[in-house]
Each structure stands twice: as C-alpha cells, then as structure tokens.
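Keeping their order, the protein sequence lines are chains A and B.
Here the first sequence stands for residues 1 to 431, where the numbers follow the working numbering.
Here the second sequence stands for residues 1001 to 1250, where the numbers follow the working numbering.
If you are wondering where the hints come from, they were derived from the structure by calculation, not from laboratory data.
In this text, all values refer to a predicted model and were calculated from it rather than measured experimentally.
Treat the hints with care, as some may be off.
[To be verified] Here are the simulated DMTMM-like pairs of lysine to aspartate or glutamate, each with C-alpha atoms no more than 25 Å apart in a straight line:
#1 242/A / 1053/B
#2 3/A / 1095/B
#3 242/A / 187/A
#4 56/A / 1065/B
#5 1102/B / 1053/B
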Amino acid sequence: MTKQRLESWTGVVSPSPVETITLQSTEENPFTHTHASLLARGYGSSYGDICLPTGKAVLCTGLNRIRWFNNQTGIICAEAGVRLGDLVAVTISQGWTLPVLPGTEQVSIGGAIASDIHGKSHHWAGTFGRWVRRVGLIRSDGRIECSPTENAELFGATIGGLGLTGIITWAELQLVPCVSPWMECHDVPFSSLDEYVERSAELERSFDYVVAWCDLSRRGVITGIIHASRFFSSPSAKPEPKRKVPLIEHIPRLPFRLLSRPIVWLASRVRHMVQRPQRIAHYRSVMFPLDGLPWNRLFGPGGFYQLHAVLPPAQRLDAIAALCQHLWQARVALPLCVLKNFSALRSPGLLSFPMEGTSIAVDVPNTPRARQVLETIIADIATIGGRIYPAKDVLLNAEQFQRMYPNWRLLEHYRDRRCSSQFWERVTRQQ
Amino acid sequence: MTFSSMLIVGATSQIASHTAYALVPHCRRFVLAARNSERLALLADDLRHRGAEAVYTLPYDAEQDTDRDLIEEACALLGELPTVVLIAHAVLPRDDQAYRSKQTTREVLQINTSSVLVLCATIASHFEERGYGTVAVISSVAADRARRSNFLYAATKAALDVYLDGLALRWQAQSPALRVLTIKPGFVRTPMTAHLERVPFSVSAERVGRSIARLIIHGSTGRRYIPWWWRPVMLIARCLPRWVMQRIRL
Ligand SMILES: Cc1cc2nc3c(=O)[nH]c(=O)nc-3n(C[C@H](O)[C@H](O)[C@H](O)COP(=O)(O)OP(=O)(O)OC[C@H]3O[C@@H](n4cnc5c(N)ncnc54)[C@H](O)[C@@H]3O)c2cc1C
Ligand SMILES: NC(=O)c1ccc[n+]([C@@H]2O[C@H](COP(=O)([O-])OP(=O)(O)OC[C@H]3O[C@@H](n4cnc5c(N)ncnc54)[C@H](OP(=O)(O)O)[C@@H]3O)[C@@H](O)[C@H]2O)c1
C-alpha cells in the first residue's frame, strides 16, 4: 500500500503522504484493519482541510449503489458514495429530485450530510440534513443506525458532523416531486445591494431556486444578476445536453493565472451583456454551471481560497459592503462572487453552517496580500456574529471557530475517538 | 442502438459496473456474473433501480468454474442468447516479485487468460451458429510493450489481444454482425490500481465505462484505446528501442 498526498478541490494538500483504504462494500469495517485514526472521504470536493485525514483516509466512492427507490413516496435509500448528480439523473426521469443540490454534481451523499450542504433552495428546503430520514454509520465500536427518532443525538451530530462521528455507509433520503428535467430561468439584474435584497426576497416567493452572481470587477461598484429558476413542464423539450465528465482526473494547474483582473473585467462585461431575461434550460446547466470547466486549475500555481460566510440579517448590508471594500484592497481579480439568502428554517445538525441571513462566497486568488485581507475579514465576521463555512475554510483559528460554532463541544463529545481531520485538529487545538 | 440482452462477466469490477450503468438506457436485460455474490446482488438491485428491465445473476469464479458454459446458463435465464458479452475480470499481482512464484503465475494466467479464452470458445460456437453477436473483452495498454514491472500481467493480456485479433479476422470474413471488440484502457483509478502511485493522466472508471458503452452501442470493432490518445502513445512506445526502455524506470 503506497501513500500519497491527498488534496482538496482547491489543492490544499495533506501535510504528509497518507494511506487510503478503499471501501467496496458497506459490510467492510475499516476500523478492524488498523489502529490509525480514520476519516471518510468522498469526491474531495471540499475547498479546505475538512477532507484531509490525520491518520488514514477511507475512500467511500466505491459505495455507489442505489439500494431501493420508492417512486410513489419519493424515498430513496442509497450508499454514501453515490454522487448527487448520478442520483438525480436516475430519479428525475421518474419525477423526483433532491430538494437541495450544491453547485457541483461531484459531491457524495456522505459528503453532503457531513457538510450539511445547502443550495439555491434554502428559502423553502433548508439544508440537506432536513431531508435525511436515516443513516447507517460505522463507528470504531460497531455499526449503528440513526434517525431523528432513533439515536437522535448522534443523528444531529452526524448532520454537518464533518465525518467525525464515523463513516456513513448509506442514507435514506426524501426527494421532492419535479415535473421534468427542464427549468424555466429568469435573469434579473441589480445595481446595488439594497436592490439585491429587495428583488431576491420578491423572487423567492415565486421561484424555487434563487442565487445571485455578483460582479466585483469594478472597484467600489456592486452590481450583478439574480438567477431565479423553477422546474417547468415543457412539451417541446430540446435534446438533453450530454453529461460532462472530466476526461482526465487530475488536470495539472495552469502555470500562470488565467483569471487576471483585465480578463475578469472583460468576462464580467460580457456576462452583463449576454444575460437573457427568460429561457428554458436543462437542470444540469442551471444547477451545476461550473462542472464543465477546470475552474480550480485556472488560478495558476498559487491556487485560490474561497471565502464563504453567512452574515446575520441585521448587519448583512454593511457587512457585505465592508467585506467587498477589504477585498478590493487586496488588488486581485475576483472572478466569482455568489450571494444567497438563508431562511430561518432550522437544520437538525449540530454544526450546520446555514443560519438566517445572507451568504456570500467569493473566490480569491492566493497571494500574500489577499491572505492578509481575508484574515481581517474573517476576524470581522467573527465579531459581528457571522459564520464561515467549514467545507470552504483554511484560515479560521480555534478561537474564531469556537465562537461561531458554540456547539462544537457537543460534536467533540459524539466524535468517534478514532476519527479526526486536519480541520478538526486546527480548530479545536487548545490555545 | 438498443439491444435486448447482455452478459457481463466480472460484473462487479469497477469498470464493468460503470459500463453497465451507462448501458441501462440501451440494454433491456442483463445477466451479471461475478465472484462475490453479495456485491453481485447489490449491483443487480442497483441496476434495477436505475431502470433496467430485468437483471439476473450468476455466481462465477474464474479460477474454479472452468467447465461451466456461462453462455448456456445465461441463455437459460434470458430465454435467448445474449446479444453482447463483456468480459472484465482480471487480477493484477501486487507483489513485484510475483513473476518468481509458480503459484501466482498459474493463478494469474488462469484468471486473466485461460478463463477468458475458454469463455471466448463457447461464445464463438454459440454466436457463429446464431450468426450475430458482440464479444467485448477488456485488455490493457500494458500488453503493447513490456515494462520491467507487471510484465506477467502484460503477458496475460497480450495473449488476449492476439487471440481476439485472430477471431476478429475470422468473423469479419463470416458476417458483419459478428463483432469482436478489444478494449484497451490506460491507467484507471480502481481497486485494482489503488495500491499504485497516482499516475498523471489517469482517468476514472466512470469515464472508461461510458466510453466502453459507447463503443458497444456503436458496434465498434478491433482494438480500441481509452482514452484515444493511448493509441499514438503506445505506437511510439512500441517503436522505442530496448535501450530506451532500459533507461525508463517504469
Ligand atoms: C464547484 C463546487 C460548488 C460547491 N457548491 C456548494 C454549494 O452550493 N453548497 C454547499 O453547501 N457546498 C458546496 N460545495 C462544497 C461541497 O458540497 C462540500 O464540500 C461537500 O462536503 C463535498 O463532498 P465530497 O463528497 O466531495 O466530500 P469530501 O470533500 O471528500 O469530504 C468532505 C467532508 O465530508 C466527509 N465525508 C465524506 N464522505 C463521508 C462519509 N461517507 N461518511 C462520513 N463523512 C464523510 C469528510 O470526512 C469530510 O469531512 C461546492 C463544492 C464545489 C467544488
Ligand atoms: N484499472 C486499470 O488501470 C486498468 C487498466 C487497463 C485495463 N484494466 C482492466 O479492466 C478490467 C476491470 O478492472 P478494474 O480496473 O475495474 O478493477 P477491479 O474493480 O478490481 O475489477 C477486477 C475484477 O476481477 C474480478 N476477479 C478477480 N479474480 C476473479 C476470479 N477468480 N473470478 C471471477 N472474478 C474475478 C474481481 O472480482 P471481485 O470483485 O470478486 O474481487 C473484480 O471484480 C480488468 O480486466 C483489468 O485488467 C484495468
């Protein structure tokens, strides 16, 4: 068994080479083969070190079978390595979809539960964890099943539990009906944050999926486009677009930063120009717009960070404006900034990231100056009661994390002693 | 194209199961043969949920079941001969010293070569009688040029290539509906290669599975490389003089 360095999607690498145990069947118990600490791994689509083990990694992508699907009730039971994109591809033809889908289809069910992911549907669906009916876990002391009524505390800890409560081997999920794979999409521009808040609240009343792209390419100006969509039963559907699966698994990074400021400026101008008020599109191109691009490779050798925060409703406008001011000071290209509103719907998860407010995600190229700026921003967010998304984080310190997630001690209590991650070591270290 | 039925031998292999997933919209009924009956049952259920009309399973161990006629058994389950047979099972010895062991050599040869050729023999007799059918066998780019590691595996696959080339020539003369497809994937991330270093330009089993499905649907024949660029790469590799191979530490 050779060891290799594992990476996150953004290229954060494990400090030393690690051994990977590959699971092929939910009957295998990796804890019996070794005494090392273990961490489950899906598709490595997280941006930070939550997917990097301190001991060995347990690769779950081989657990990719659907166990059963009841197309009357929309309840599906699948193994934890099934990719969300694959699951929906199977169920959508039978009239069902996952209520919560992230921005990429390369996320496993296990990873979706462990990060309690959210999507463009938070205003009615909340987080992924709300749709999980039951999960099967392997812990170092054996197998256990949990649900909101059975082993409920462990269930709560596992939702958003960052893989620390054991290895999820399967889950039972509730799907929602959907009329076709086609979506009706509206683009609504906004020219200030106030306008964004007003328009997005309005759109959320009639559309199931709402997200905004925010243009930060001009210093001092925040504009953008809100994308609102809903499933649509179109009688004359176009042929389904082909699924894009990357040809090469490990595309090398570009040797230079393609996403430079002039290019991003130009691309943003084009994007404003080509917006169409209304169109019909396939759900894959609406839900997973970046999946065709090697996005994470375009930032050059230094890679990038994603700042993903949620800001409480009262301070959100000032906080977002301040955050953008800081980012502009870093003098780097900001090719992607996404705004979403989170509703007050509560997740069963102990360490769930979403809370009522507005979430902002910005890709920031990795330069020393940008890093400094991000550290200031994160400190500010911690003081105003905002939160940073663990799945995207590399910069939080222990104090900030513990302030944002006071429930961390509870998760620490339910954590399997034989599970840990680089992230957890970092944010729970005693000062 | 859609076809009515298919037999997959070594169905639980990662590449074969992804091929089956990709073929669900094109093939109505599957017979899956594999060694691990537990995983076989799970895969069968999975395919049913993905929309396959009927899925049957056959336990099959390439080391022991030398006298069985799998095609006959599949035929009994389906009520007809399968249109396509895909053979995917193989072993890659982990130990670099495997070539010095009589036991391992015999075992690898039995699983990778003998069992496959025996299957091909029964397929040939059944298909020739019926007049149509596709046999697709997963070989490897490794068979094109020996390296200092894994040459035992390479040799077992090279035998398949030569045999299948010959069978293809023979069938071509008989009927265009008799097809032989030799699939030659490059480095794929699967349990078989999990113990090896990560190789640049490796591809996922899913990607390979889809490509195989496409080749089968389009009725392709002959040696096919996946991804395609392995063809020119291996062409060059085959032309390299020995002293160059000596220097390249692969
Ligand atoms: C382009 C892109 C867009 C994204 N958009 C969104 C978005 O819109 N909303 C959102 O919420 N997130 C989003 N994400 C983040 C992503 O959803 C999460 O990081 C998710 O956890 C990744 O899942 P994974 O299967 O790749 O798991 P990994 O990245 O491999 O692991 C993530 C965590 O899950 C745990 N885990 C994985 N499998 C298991 C298992 N079987 N049992 C127990 N624990 C397990 C790991 O231990 C780790 O802590 C996006 C990511 C990308 C790359
Ligand atoms: N991975 C690569 O890089 C690569 C490259 C080129 C070609 N290939 C070829 O692709 C094919 C599929 O391999 P894979 O990569 O998908 O690996 P895999 O998932 O490990 O598949 C190998 C399969 O062979 C089966 N097998 C082994 N011994 C057997 C026996 N005695 N009887 C019956 N079945 C047996 C295994 O069954 P169990 O599940 O019961 O163990 C397993 O399902 C193989 O022919 C391989 O040579 C692979």
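Can you name, in rising order, the numbers of the hints this structure does not satisfy?
Violated: hints 4, 5.
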